[in-house]
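A.B. asks: Each chain is listed here by its residues.
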Amino acid sequence: MDAMVRELSYAQAIQEAMAIAMDMDERVFLMGEDIGVYGGAFQVTGDLVERYGTERVIDTPISELGGAGVAVGAALTGMRPIFEFQFSDFATLAMEQIVNQAAKMRFMLGGEVSVPVVMRFPAGSGTGAAAQHSQSLEAWLGHVPGLKVIQPATPYDAKGMLLAAVADPDPVMIFEHKLLYKMKGPVPEGYYTVPIDKADIRREGRDLTIVATSIMVQKALDAAATLEAEGIDVEVVDLRTIRPMDKQTVIDSVKKTSRLMCVYEAVKTLGIGAEVSAMIAESEAFDYLDAPIVRLGGAETPIPYNPELEKATVPQVPDIISAARDLVKGVR
Amino acid sequence: MAGASKAVADSRANLPFVYRQYSAEQLKQVLYKMYLIRRFEEGAEESYTRGLIHGTMHLSIGQEASAMGICMPLGEDDQITSTHRGHGHCIAKGAEVKRMFAEFFGKTTGYCKGRGGSMHIADVAKGNLGANGIVGGGIPIAVGAALSSKMMKTGKVVVSFFGDGANNEGAFHEALNMAAVWKLPVIFVCENNGYGMSTSTARSTAVKNIADRAAAYSMPGVIVNGNIFSEVAEASYKAVERARAGEGPTLIESKTYRHRGHSKSDRNRYRTKEEIEDWMSNRDPITLFENELREFGFIDDKGIEAIRSEVAQEIADGIEFAKASPSPDVSETGNYVYTEQA
Chain A
1 MDAMVRELSY AQAIQEAMAI AMDMDERVFL MGEDIGVYGG AFQVTGDLVE RYGTERVIDT
61 PISELGGAGV AVGAALTGMR PIFEFQFSDF ATLAMEQIVN QAAKMRFMLG GEVSVPVVMR
121 FPAGSGTGAA AQHSQSLEAW LGHVPGLKVI QPATPYDAKG MLLAAVADPD PVMIFEHKLL
181 YKMKGPVPEG YYTVPIDKAD IRREGRDLTI VATSIMVQKA LDAAATLEAE GIDVEVVDLR
241 TIRPMDKQTV IDSVKKTSRL MCVYEAVKTL GIGAEVSAMI AESEAFDYLD APIVRLGGAE
301 TPIPYNPELE KATVPQVPDI ISAARDLVKG VR
Chain B
1001 MAGASKAVAD SRANLPFVYR QYSAEQLKQV LYKMYLIRRF EEGAEESYTR GLIHGTMHLS
1061 IGQEASAMGI CMPLGEDDQI TSTHRGHGHC IAKGAEVKRM FAEFFGKTTG YCKGRGGSMH
1121 IADVAKGNLG ANGIVGGGIP IAVGAALSSK MMKTGKVVVS FFGDGANNEG AFHEALNMAA
1181 VWKLPVIFVC ENNGYGMSTS TARSTAVKNI ADRAAAYSMP GVIVNGNIFS EVAEASYKAV
1241 ERARAGEGPT LIESKTYRHR GHSKSDRNRY RTKEEIEDWM SNRDPITLFE NELREFGFID
1301 DKGIEAIRSE VAQEIADGIE FAKASPSPDV SETGNYVYTE QA
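Chains as they are written, first to last, in my numbering: chain A, 1 to 332; chain B, 1001 to 1342.
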C-alpha cells in the first residue's frame, strides 16, 4: 500500500525529514543557533529538541565559522550533522569552512575521507528583513567543486531531497526560501528520497521553457496559468539542483520549445541564469533557439527594506508574464 | 602506554617526567623520530632545491620536541589536526616518510595520491586528519572530531596543532569557547615559534602569553618550553588524562622556534642572524634531548650514531621510493572531488 499522503507545510516537511533521519541513523544530529527550545528562527526544528534531546539537537553559540567547522569535523569523523544557518546571509561568516574545508577535504586527501555534512540555509527576500537577511547566495556556493547545492521548491521535494542529502557522502548545501516555509503541499509519510541531480518538469508546454529555481518555480507556474488563457503554452522546469546541474532535462526542453527564459531571485548577473544560458549556447539546443534567451533575475542592488521596493527588486508574476509574452511574440 | 617497570621507575625518581614514565626503548624511539623529522625536512628541502619538489613548503626544523612531546601520550586511535607546518606532526603520529616523500613528489603512492602535497599531508589511518593551508582552519574541525568522540563514546582524544598566528583568528576563539562549553576531549596546542610569517607575537598579540587566553574560555592554560621534550610530553600527558576523564579541553602553549624561514620565499628580514644562531646552537631540541638521554644513562654515543645512520638509511630509501613511484595520469584530474558512487 502506498504511504499515506498528507498536506504539510514546507517547514513541516523538513522537520519530518530530520526526524526520520534521526530515527533511522543514530549518527544524525542537528546543530545551529536557537534550534532547541526556541525551535529555530523559522520554527523548522520546532519541538524536535523535546523528542530527541539536547545531545542531538544542539544549540550552538553565535559562532557561524566555528559551528560550521565543528559540523565539518564531526562529519569527517563518522557523524552525520545537519547544520542550520539562521539566515543564509550568515554563510558569509562561515565561507572558510564551507569553501576551503568541507568542499575540498576529500580531494586534498586523495579520496581518503568524505565529509557527509548537510547545511541548511533559509534564504531569500520578502520578509522585510532588509539587506543582510534577505540574500540569495546559492550561486556563490554553486561555484565550488566538491559541494552539492540544492533548492527544493515544494514540501515534497524539501523532505525527499533533505533525506537524499543526509544519505549523500558529500557536503550538501540546501537553500530554503523563507517564503516557502508556510507553503503547503502533498507529502507522503515515511522515508523516500528525491534525487539530488535531477531537474523536474513541473508543467509541460510547447511554446517556451522557463527554467526556474526555488520560489520562482511557483511564480512561473502562476504566470503559466495566465499565459495559457492567452494561448501561450509554457513548460516550467524546476532546476532543483544547481550543482551538479541536470543539463539534459533543460536541453531537451529547449529543443522542444525553442525558447528559453531563466527566472531566479538572486542578483541577475553572474548567476544561475548566466550558467543555464551559456550551457544552452554550448549545447545542440542552440540551433533550435528561435529567439534570444531571456534572464529575469534580481536587481543589481542589495535588498531594500520598504516593502514596495523589496518586491520590485525581485521578479514577480507580472514580470514573468510580460517577459514571456514579449519573448513568444518576438518583441525582443 | 606501557612504560618503565616499578624498580626502574624508583631508580629514576628524581629525573624529569618522561624518564620516569617511559622505557629506555620508547625514549630511544623518540630520539629516532626526532631525527627522522629533522632529516625528512632536510631531505625535502634539498629535493626542493634540486627541483624534484615544486610549490612551497613550511619547515618545522627546530620544533621537533614539540611534535613528539605532544604525540607521546596519544594512542593510535587518537586524532590530530595539523597545520601548514605539519611534517613533524605527521611523523610523530606515525606516518611513514616514504609515503610523505611520495606525496611531496606528487606521486600516486603519496598519502594524498599527489593531490595535497606538503600543505595537506595527512595519514587518516594513523589519526592525522590533515595539515591545513588555512591558518586556524583545523581548530574547529578538531572540536568537531572531539564532538564525534563524545557522541559515539569512542574515548578518542583529539589534538589540534596550530601556530601563534592562528591565535588571532576568529576560528580559534569560537572553537575554544565551544569546546569548553561542551567539555569536549580536545587539546589545543599552540606552537608559538615567535612569528606569524614575519610578524612577531609582540607586534600581533595583545597578551604576553597565548596560554593566557585560556582563562577567557575557562580551561587550563599551560606554558611549556617547546624545545624540551620532557616538558612538552608531561603537559600533554596531563591534558590527555583530563580530556579522557571527561573534564574538557586544555590549551598548551609550546614556546619554540623555527630555524628556517616561514616558507621558501622567506628572506629572514624580520629577525637577526644572531637570534637564529642562538636558537640553533644553544636551544636545539634534538641536542637538548640527546644530552639528557646521555646524561641519564639511556643511550651512549654509539647508540646515537646507530640511530643517526638508521635514520639516514630510511630517508634515502624514502626518497628513492618517491622517485620510483608513478605520477597520477592527467585523465584522473577530476577524481576525488565527489565520492564515487556505484
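Some hints could be false.
Partial pick of chain B residues on the chain A-facing surface, computed with a CB cut under 7 Å [unchecked claim]:
| no. | residue |
| --- | --- |
| 1 | Q1029 |
| 2 | Y1032 |
| 3 | G1137 |
| 4 | G1144 |
| 5 | A1171 |
| 6 | E1174 |
| 7 | P1326 |
So the derived list for chain A, only partly shown, Cβ under 10 Å to chain B, looks like this [unchecked claim]:
| no. | residue |
| --- | --- |
| 8 | R106 |
| 9 | M108 |
| 10 | P116 |
Please keep in mind that the hints were generated in silico from the structure rather than gathered at the bench. Positions of the beta carbon are idealized from the N, C-alpha and C atoms, including for glycine.
A.B. asks: It remains to establish, for every hint, whether it holds in the given structure.
C.D. replies: We went through each hint and held it up to the structure:
The restraint placing B/Q1029 at the interface with chain A is violated, with a minimum CB-CB distance near 26 Å, outside the 7 Å limit. The beta carbon of B/Y1032 is not positioned within 7 Å of any beta carbon in chain A (closest approach about 26 Å), and the interface hint is therefore violated. Contact between B/G1137 and chain A, as hinted, is supported at the beta carbon level, the nearest pair being about 6 Å apart and thus within 7 Å. Proximity of B/G1144 to chain A holds as hinted, the smallest CB-CB distance being about 2 Å (cut-off 7 Å).
Restraint check, B/A1171 versus chain A: the minimum CB separation of about 6 Å is within 7 Å; hint holds. Taking 7 Å as the C-beta contact cut-off toward chain A, the hint placing B/E1174 at the interface holds, the least distance being around 3 Å. Given the 7 Å rule on beta carbons, the hint for B/P1326 is violated: about 14 Å separates it from the nearest Cβ of chain A. About 6 Å separates the beta-carbon of A/R106 from the nearest beta-carbon of chain B, less than 10 Å, and the hint is met.
Given the 10 Å rule on beta carbons, the hint for A/M108 holds: about 4 Å separates it from the nearest Cβ of chain B. Because the beta carbon of A/P116 sits about 9 Å from the nearest beta carbon in chain B, less than 10 Å, this interface hint is met.
Of the numbered hints listed earlier, those contradicted by the structure are 1, 2 and 7.
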